[in-house]
Each structure stands twice: as C-alpha cells, then as structure tokens.
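The primary structure of each chain is shown beneath.
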Amino acid sequence: MSTDMFISLPYNIILSREQVLEMDAVLPSAAEELLREIQKQYLETKQIPDDLLLALKFMFGPIAVHALDLVDQHSVTQFVAPSGRAVYQVIGSSGRVYSCFSSCHYCSCPAFSFSVLRKNDSLLCKHILAVYLSQATGTCQEVTTSAGHVTGLLLAKEEDNT
Amino acid sequence: MAGLLRGALRWYSGVEHAEVSTDSLSLIGDRLPYCLVLGEHACGKTSLLFLAAILAAAEEGKRVLFISRSPIQTLPAPLVGLRARLGPLSLKKIQFLYPRSSDELLQVVASVHENEKLVPSLIIVDGLNEYAATSGHHFVAHVSALLVDTAAFLTERFSAISKNPEGVNSKCSVIVSLTLPSCTDDETEGSLNVIERYFPVRCWLEKDTYSPEGVVEGQNFRVYFSEESGIEPQQDSASGSQETKEWKVMFRESGEMTVLPLSPSNSGTM
Chain Z
1 MSTDMFISLP
11 YNIILSREQV
21 LEMDAVLPSA
31 AEELLREIQK
41 QYLETKQIPD
51 DLLLALKFMF
61 GPIAVHALDL
71 VDQHSVTQFV
81 APSGRAVYQV
91 IGSSGRVYSC
101 FSSCHYCSCP
111 AFSFSVLRKN
121 DSLLCKHILA
131 VYLSQATGTC
141 QEVTTSAGHV
151 TGLLLAKEED
161 NT
Chain A
163 MAGLLRGALR
173 WYSGVEHAEV
183 STDSLSLIGD
193 RLPYCLVLGE
203 HACGKTSLLF
213 LAAILAAAEE
223 GKRVLFISRS
233 PIQTLPAPLV
243 GLRARLGPLS
253 LKKIQFLYPR
263 SSDELLQVVA
273 SVHENEKLVP
283 SLIIVDGLNE
293 YAATSGHHFV
303 AHVSALLVDT
313 AAFLTERFSA
323 ISKNPEGVNS
333 KCSVIVSLTL
343 PSCTDDETEG
353 SLNVIERYFP
363 VRCWLEKDTY
373 SPEGVVEGQN
383 FRVYFSEESG
393 IEPQQDSASG
403 SQETKEWKVM
413 FRESGEMTVL
423 PLSPSNSGTM
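Residue numbers (the numbering used here), protein chains in the order written: chain Z, 1 to 162; chain A, 163 to 432.
Simulated from the structure, these hints should not be mistaken for laboratory data.
Glycine residues also receive a C-beta, built at the ideal position from the N, C-alpha and C atoms.
Among the hints, erroneous ones may be present.
What the hints assert, rightly or not - Using C-beta positions, here's what the derived DEER-type ranges look like: (1) Z:L54 x A:E276: 23 to 33 Å; (2) A:R262 x Z:T45: 52 to 62 Å; (3) A:C345 x Z:E44: 51 to 61 Å; (4) Z:L43 x A:E368: 44 to 54 Å; (5) Z:F58 x A:E368: 34 to 44 Å; (6) Z:D50 x A:Q257: 22 to 32 Å; (7) A:E318 x Z:L54: 26 to 36 Å; (8) Z:D69 x A:I323: 37 to 47 Å; (9) A:K369 x Z:T139: 53 to 63 Å.
Whole structure, please, built from the sequences with the hints as guidance.
As structure tokens, this is what we get:
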C-alpha cells in the first residue's frame with residue numbers, strides 16, 4: 001500500500017482518501033472524531049490549533065475555509081420551538097439565508113443540490129460544515145421561537161433563495 | 163423499520179404466530195428505524211406497508227401516520243381476511259393523510275411536531291415516486307431528510323419522557339415505499355441515489371421467476387432486506403435462530419396473498 005494513500009494525523013485519526021469520500025447523509029466516524037478533538041481543544045484554548053485546521057482542510061477540501069469564515073462571522077443560529085423541534089439557519093456569504101437540519105445532511109443552498117446531490121463530489125456544503133463547527137466551538141446562537149416559525153424554516157426550499 | 167416489516171411478514175405467514183412477541187416485532191434487526199421498500203408497480207408494497215401499519219397500531223399500540231397520494235378507499239384485497247381480527251380501536255390509531263402535491267407532502271411532514279398531543283411513532287409514506295415524478299433531486303433530498311430529522315426529533319422526545327428507553331414506543335420509525343419504473347433513466351437513478359443516502363436499509367420486492375409445482379396462477383415475489391455493511395441482521399434472541407432474510411409473497415387471481423419464509427436451506431426450492 002503506497003504511503004500517499006494515508007495521512008497520519010494527531011490523536012490517532014488515520015484515514016484514507018477512500019474513507020474521506022464515503023458518501024452518506026451523516027458524518028463518517030473519522031469526521032466525528034475530528035470535531036470532538038476540535039471541541040476539546042477549543043474548550044481549553046479558545047482556538048482551533050493548526051494541525052486540526054489542516055485535518056479539517058484535508059477532510060473537507062476548500063469548503064473548510066469558507067465554513068470557518070461563517071463561524072467567525074457568527075452566521076449560525078439554531079431556532080428551537082417550544083416542543084424542542086429545532087432547525088439551523090445559516091447566513092451565507094452573499095447574505096442569503098439557508099436552512100440546515102440537525103440530524104442528517106440537508107441544506108437549502110444551491111451548492112448542496114449541485115455538488116452534494118447531483119455531482120456527488122462533496123460530503124456536505126459549507127453551511128452544514130459551519131453548523132458542525134459552530135456546535136463544536138459553542139458559538140452557535142440559540143433562539144426560542146414559535147412552532148410555526150420552525151416549520152417555515154424546515155420548509156425552506158432551494159428556489160426560495162433565487 | 164426493517165424489523166417491523168419482518169414482523170409483519172412473519173405474522174402474515176402464520177409462522178411462529180403465537181410466539182411473535184411485541185419486542186420481536188420492532189426490535190429485531192432494527193439498528194436504524196428507517197426503511198425503504200422498493201419494487202415494481204403492483205407488487206404488494208402498499209399491502210405490506212398497510213399490514214405493518216395495522217400491526218404497529220393493533221399489536222404495539224403505536225400511533226401511525228400513513229401518507230399516500232391516492233386515498234385508500236378499501237382495505238387492500240390481500241388483507242380483507244384480517245378484518246375480523248382488527249378491532250375498531252386499532253384502526254383509529256392510524257391517521258391517513260393524502261397530500262396531493264410535493265409541497266403539501268413537505269408541509270405535512272414539517273408540521274408533525276406542531277400537534278404535541280398526536281405525535282406518531284411510525285410514519286409511512288407510500289409511493290414517494292408519485293410526488294417525486296415532477297420534482298427534482300432537491301425535493302427528494304428535502305422530503306427524505308425531513309422524514310429522518312422528524313423521526314430523530316420524536317425519538318429523542320419519546321426517550322426523554324419514557325421510563326423504558328428500549329420499549330416499543332421509544333422510537334419513531336419511518337417506512338417509505340418507492341415504485342421502480344420498468345426502465346430507469348438517469349433522472350430516476352439519480353433520485354434513487356439521493357433517497358438511498360437517507361435510507362440505507364432497503365426491503366426489496368422482486369418478481370420471482372421460479373415457479374414451483376402446484377402453484378396456482380398468479381404472481382410471485384421475493385422479499386428480502388439489504389443493509390449497508392456494518393449493520394448486520396441480528397439473531398432472533400427469542401428463538402436463537404438466524405433472522406429470516408428472505409420471504410416469498412404469492413398473489414392469487416382473487417387477490418389473496420400468501421407469505422412464506424424462505425430459510426437458506428429452502429430458498430432454492432420454494
């Protein structure tokens with residue numbers, strides 16, 4: 001097995017390019033492990049160390065930087081209904097607003113539709129990654145709202161943003 | 163909800179009927195409570211889903227939301243014989259909704275959380291392709307993700323209030339059926355790939371070309387479950403035997419349905 005098929009990362013996260021490209025509607029375990037490490041480090045130092053940033057870029061490609069920008073700009077908000085039903089809203093770089101779900105990968109943005117669903121060359125879009133990162137760093141804002149408002153956000157469609 | 167479907171097949175077949183416990187109906191082989199039922203037109207998917215709904219309501223006391231584009235006017239022919247065994251109360255636990263468009267379907271699923279007194283623990287969507295036919299991949303992902311996300315939220319809520327986290331009402335499950343067209347184009351295949359992202363456990367109903375002797379004229383189908391690697395079918399903890407992986411469903415001209423389990427030893431001879 002050639003050495004360039006694997007990348008060795010801190011904290012025993014070893015993954016192959018095939019694992020990274022595994023397609024599904026939830027995170028692969030290597031990605032979950034990376035986010036847990038980011039959460040742990042951020043809790044202690046209030047920043048993401050360079051080696052974990054590198055791992056993030058390797059795992060998710062160019063969207064990692066865009067997702068980090070969105071987190072820095074506090075673009076992620078979780079809206080919660082009195083029943084506990086929740087949905088994420090992310091303000092994109094263009095100022096448009098997109099909805100992301102909590103338990104599986106879905107985003108109302110065009111990139112999710114194109115790169116993830118149609119071309120199948122991305123696991124997720126920058127907005128979904130921003131949701132994960134804002135959860136890991138504790139920078140997601142939480143807003144209590146009405147059941148109807150949450151339903152409306154859950155229904156947000158791709159064409160609503162054109 | 164592969165476990166519930168397996169339970170429905172076992173129950174209908176009459177095999178081990180007396181031994182089918184409420185635990186085995188929903189928990190065996192049920193790591194993920196979401197299942198996609200696939201098959202060609204008129205192969206028994208609606209009957210199977212209906213049977214699963216009835217069992218869930220009657221035997222497990224689950225509240226069921228059954229969604230379909232076309233109203234179900236009468237009990238499917240194969241299930242008519244069961245009418246005497248169904249109490250009126252069990253059917254009352256099944257709520258039937260018939261959204262006409264993809265937008266209405268999304269609205270129905272998105273607003274499930276709004277009625278806190280009538281939350282379902284089993285959501286069935288029969289014939290998703292009828293909604294997806296005129297909508298793109300994004301709609302298919304949207305409704306699939308909405309179903310999974312809604313079920314995940316309800317499961318979390320049930321677990322929080324239930325004293326028995328492993329009990330039959332501690333999960334919300336989803337079964338979706340999809341009719342496969344006779345010839346698939348890129349668009350259909352793309353939609354199927356999208357749905358399969360959210361529903362890795364699949365129940366297949368395939369036309370069985372093998373015709374054993376003495377079989378009355380009608381149609382025969384094989385039913386089997388395929389699961390993603392890492393989610394292996396579990397052993398039946400009650401009997402100690404391997405969970406049945408394949409079934410044969412036979413439809414007579416009269417509409418009568420017979421279900422037979424196929425064990426590995428007789429799957430080639432049934």
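Cross-check of the supplied hints:
no., hint, in the structure
1, Z:L54 x A:E276: 23 to 33 Å, "44 Å, violated"
2, A:R262 x Z:T45: 52 to 62 Å, "55 Å, holds"
3, A:C345 x Z:E44: 51 to 61 Å, "58 Å, holds"
4, Z:L43 x A:E368: 44 to 54 Å, "52 Å, holds"
5, Z:F58 x A:E368: 34 to 44 Å, "42 Å, holds"
6, Z:D50 x A:Q257: 22 to 32 Å, "54 Å, violated"
7, A:E318 x Z:L54: 26 to 36 Å, "34 Å, holds"
8, Z:D69 x A:I323: 37 to 47 Å, "40 Å, holds"
9, A:K369 x Z:T139: 53 to 63 Å, "54 Å, holds"
Figure legend: structure checked against the earlier numbered hints; hints not met, in rising order: 1, 6.
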